[in-house]
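Protein chains in written order, with the working numbering: chain A, 1 to 319; chain B, 1 to 688.
Please keep in mind that the hints were generated in silico from the structure rather than gathered at the bench. Owing to the predicted nature of the structure, the values given are computational and were not obtained by experimental measurement. Keep in mind that the hints are not guaranteed to be accurate.
Restraint-style ranges between C-beta atoms, simulated for each label pair [what the hints assert, rightly or not]:
hint	chain 1	residue 1	chain 2	residue 2	range
1	A	42	B	614	51 to 59 Å
2	B	424	A	282	37 to 45 Å
3	A	37	B	426	48 to 56 Å
4	A	170	B	208	44 to 52 Å
5	B	577	A	12	48 to 56 Å
6	B	570	A	19	41 to 49 Å
Glycine residues also receive a C-beta, built at the ideal position from the N, C-alpha and C atoms.
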Amino acid sequence: MTLFPAILTQLLHAALLVALAPLLVGLVRWLKARLLGRRGAHPLQPWRDLRKLLRKQPVLAEGASPVSVAAPYVALAATLAAALMVPGFARGMALAPMGDLILVGGLLAVARCALALAGMDAGTALGGLGAARAMGFASLAEPAFLLAVMVLAMLAGTTNLDGIGAALGEGPAGLRLPLGLALLALLAVALAGNGRLPVDSPGTTLEPAMVQEAMLLEASGRHLALWEMQAALRLALWLSLLAAVFLPFGTAPADAGPLGWLLGLAAWGLKLGLLALALAAFEAAAARMRVLRVPEFLGAALLLALLGVVLLFLSNGLA
Amino acid sequence: MTAALVLPPCLLLLLAAAGALAGRWPAPAGLPMARLVHGGCAAVSAGLALLAVLALAQGGVAAALLPLGPPWAPLSLGLDALSAWFLLLLGLAGLAAGLFAWEREGAAPPRRLLPCPLLLAAMALTLLAADAFTLLLGFGLMSVAAWALLAAAPPEAGEGAEAGAAARHYLGFALFAAACLVPAAGLMGGPAGDLSFAGLRNAPPQGWVAVAVLALVLPGAGAMAGLVPLHGWLPLVQPAAAGPAFALLPGVAAPVALYVMARLLLDLGGLGQPLWWGAPLMVAGAASAVLGALRAGQERDTGVLLACSAIGHAGLVTLALGLAATLRAADLGPLAALAAAAALLHALAHGLFTTLLLLVAGEVRHAAGSRHLDRLGALVHAMPVVALCALLGAAAAAALPPLSGFAGGWLLLQALLGAWRVGELGFQLLVAACTALAALSLALGAAAMLRFWGLAFLGRPRGPRTLGAQEAPPVVRAALMGLAGLAVLLGLLPGPLLMLGSGAIAALSGHPGLAEAAPLSVSPSLRGSDYAPLPLAVLLGLLGAGLVALRHRLSPLPSRRGPAWDGGFQAPPPHLPFGDPATQPSADGFARPLRRMLADMLGGTRGGHPPPPPHDTGPARPEDGFRGPPRGRVPGFLATLWERLAAAAERLGGPGPRQGLVLGFGTLALLLLLLALLPEGMPGGPAP
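Required output: the full structure, derived from the provided sequences and hints.
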């Protein structure tokens, strides 16, 4: 009885996610361009790029191994699996019981490692540089991520995304300081995870500044299309995750029926749009950072999350 | 069943004797003696693994007294769930190492044949022991065997490290460990002197005795497990050891030391302890986890790199053990069981993937002539099967789902996330710090494993010798593939494994097994999140297959080959067939971002840009390195102790295996005598 709507919402979620993810990237780019006073490409441009790339013949570097061919599939499958577990417009989807925050982090790590290996495969200088930097940033982001998860787990009693959303949505309204601190920490982790720290510039190919793009220099044709889709899905995943945890209202239960789903869809779209606007505003406003400043940036995120955890300890002790 | 317990160590000792006398006898039936010994080791190890599985399924084998040993401490053997769990690791890793040695050490000289079966026998004796005396006897024998193994290594084995020095260094640590553990066992035995496990368990140490036991066992067993700050020997020993034992030392001997720690502190002494009982373990574990993983990402020698990674994983296991002890003291039984399950699962997974990766490093050294990352590269083309096995092992060590490293890491993180329920603010802060450090260690470990695999197997060849590499022979491939399969299997089936090992979890946590372990999933509590690796693997497989099918529909063009774009860098001249080597990331270059970001902050590194001479137009040459691990890390008194021991060992003549045995057994006998005398001489003890 509840199995059917769970599967149906899951399939709908998958279709929407795949359709919306490149659109979201295009939207962020367009918003950023507008904020900078430029006209900007149409938000549909990433979809057009993907179609064009799929038609082109991919070129593999001469020294490349099967890793270059297999890595984009592994990364995209892992990112897609993680994205399917994050609640979007509905709660209680078929894969929701597997939607654990630590597991999502692990699946994103699989995608990151696949990307880094693809960058190292041809034996080029920039690919290796990008891989080393990306793994370094990820190592620094991980403690902040786990402490933010700790805040959520203490508040909700579980690390399941559905459970956290439900617990935080039902709880008493009002500003909760530990939650706010965890939000700031998770925002920094999300920026690092998407290669959107202000050291990296996803729009340009300015070589010394590249981290994510440097690993993709040898990818072409459908391999590049797969990588771009993976990056788009990763952005959609992170924004959905932030929305599910910190803006848990409006999400429809799986068995709410088409009308409820439509309302949930509207809420989801609104939340994603708001977060995309915030991201574009941040990117337009933030000055570029030195690479060696990243530890301080992510260290600050760790500190905020730790502060949130300690506040919770203290309030639990007093209660 | 008692015969099944006595037989394997005896067979291994026989093999050791056969190995020692190999030079005097002709090879039987045309089979070289070395192959006979290593094949025998593999067979006995397989038997041990089978015995362990049977014991886990049936609930163990009761302890039986042997007609051996001194009258005040007769030897006894038994097999309960906890020892069976570690015996399973010993059996599986020993089997793979034996197969590897069958091929690669088939023509080893007799002096190198003695230590390997001896090491296995000693580890088996340690695990099969049913009283503290036998446990320490096995542990001491293990140290001696490992020392003999190092001393017997061929001089050319050490690339830049002198084997003899490493052996002497190891001996210092082993003696320190024995000097800590023997008095600890004496203290636990108390005035009654009953050293059997059952007797010890009924009278756990209390008051200042408990403090002393903790202060002795943690450094004693920790030194052999490679915990910070007593980890100095593990990276040093690695370049010097030869044969498959270089894989067994960090892969199995270190987990056996963790077993000794878990047995003495958690199983025998864990009942009714105060809340702080596990805190020192957590601190030592978290520090080892971070420093080991950090250093693994900086080392250039693959063997040393993997030994450092083993330090990191041993740290994670110790962290989980300490957490289990504290949660048990706080009466949070289910959570303690979760932490204990994390410790057991990660110890087993770590032992297996570390052995796998070290065997891969050995095979790569054989094929490509070097263990140095700066002389490898592009091996995935020459040895694809080895590369695939190494990839699976490295991914497991990097804690990527759904492989074995992630399952243990997930359980550990869940236990840490739930541990705030203890309610003491100081402990909660410790838990928060340990959570951040465990996460950092897992991420750093992933970066280190990526660097290891990527630099060794991907890219362009860094030296002409790499081109001569060939795929491993079938026996070696079988050993590696078996271990790689286990790295996947353990990750997919944590639920059934933990159900099988519920007795071991109960021994460590005092709570009967993990409550929420189902065949397909594990969960920290009824309300908590599920981790279901098998469905996850199916999902990933379906998605991957779907993507591949879709690609055939949407983008049917086959790919073609072309020169690397390399950011527009110009093509290399013809005299550089693999391009300019300087344009490929080196071992140090790949480690540099993390070093600049983190390692300098945590200390232990030195580096900088020396000012170039005037008018120098060459590239900047940063100078990096780790401050010398052995003396910088060992406290002062230990350094002097080590110096004295080294001098004493030197006076005994060259570090031959025979002298090593004499010295080791002599020391052991002395310390055991001390053990026998100690309860009487103890202040506050009853009058005799």
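Cross-check of the supplied hints:
Remark: the range hint 51 to 59 Å for residue 42 of chain A to residue 614 of chain B is upheld by a beta-carbon distance near 56 Å. The hint said 37 to 45 Å for the Cβ distance between residue 424 of chain B and residue 282 of chain A, and at roughly 40 Å that hint holds. Distance hint check for residue 37 of chain A and residue 426 of chain B: the Cβ-Cβ separation is about 54 Å, which falls inside the suggested range of 48 to 56 Å. Distance hint for residue 170 of chain A and residue 208 of chain B: a CB-CB separation of about 51 Å, consistent with the stated range 44 to 52 Å.
Range check, residue 577 of chain B to residue 12 of chain A: about 54 Å between beta-carbon atoms, so the 48 to 56 Å window is met. For the pair residue 570 of chain B and residue 19 of chain A, the beta carbons lie near 42 Å from each other, so the given range of 41 to 49 Å is met.
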